[in-house]
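**Q** Sequence:
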Amino acid sequence: MPQAAPDPYQVLGVAPLASAAEIKAAYRALVKQHHPDTGGDDHTILELNAAWEVLGDVDRRRRHDQLRGVAAGSVAAAPGVRTAAAGARAPGGAAPGPSRRRAADQDSELGQWLQLVYAPIDRLLGQVINPFPAQLRALSADPYDDQLMEAFCAYLEQSQARLEKVVGLYRSRACPASAQGFGLSLYHCLSQVQDALSELERYTMGYVDSYLRDGREMLREAKRRRTLLQQERRRLEL
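One gets the working numbering by counting positions in the sequence shown from 1 and adding 749 to each.
Note that these hints are calculated values from the structure, not bench results.
Quick list of simulated restraints, FRET-style, between CB atoms:
#: 1; residue 1: Met954; residue 2: Pro882; range: 16 to 26 Å
#: 2; residue 1: Ser934; residue 2: Pro785; range: 25 to 35 Å
#: 3; residue 1: Glu950; residue 2: Ile794; range: 44 to 54 Å
#: 4; residue 1: Ala769; residue 2: Met898; range: 50 to 60 Å
#: 5; residue 1: Val916; residue 2: Ser768; range: 30 to 40 Å
#: 6; residue 1: Gln896; residue 2: Thr976; range: 26 to 36 Å
#: 7; residue 1: Ile794; residue 2: Arg817; range: 20 to 30 Å
#: 8; residue 1: Gly860; residue 2: Ala903; range: 34 to 44 Å
#: 9; residue 1: His792; residue 2: Pro869; range: 36 to 46 Å
Where a beta carbon is used, it is the ideal one built from N, C-alpha and C, also for glycine.
Work out the full structure: start from the sequences and follow the hints.
**A** Put into structure tokens, the structure is as follows:
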């Protein structure tokens, strides 16, 4: 008979009533502990990832709980996997200690910042960066055509308005200490876009090709930085 898949709660060493923040903290700690790059083994990582795929998704966790019949109380860790989450609980299933609560609070703070600050900033930056190649191609047909130049200037005005919203969002909420490097990279990206728009506006006033060239290169660099930020943002969730 095929062996039954291990219970995801046991694999992560968390109780069936654990919060989403507790489950994430347990998964992240175990991945760091058992990753092959740090001397762990592939089998354990596969089990951890499989457990996270179930418990990290609200709908899949709900379906699993319905089939399993969730019972209150702590669950022992899977054999061979020593978990930080299990060790954090006092005998008798006591509530998590202060360090565990701090970790959950930090995760919550980071999640709110990513949702309320980074996500809308990323969307607005995309609305500035992504249309630029098409705008430039249209203008290149005849930079001295008044209608083409007016359309390009309209794009720049809309981009400046979006960038003002970006700056306001960035200043609206301090970046959590756990993501200071990410926040600094985001600042460099939006600064790159600011500088690019300034160069492009200079071009529209005097048709100096160096301004157009510099603005184009700055937006290319901003696009690269934005892509790196999106990749890093996905890693921050683990």
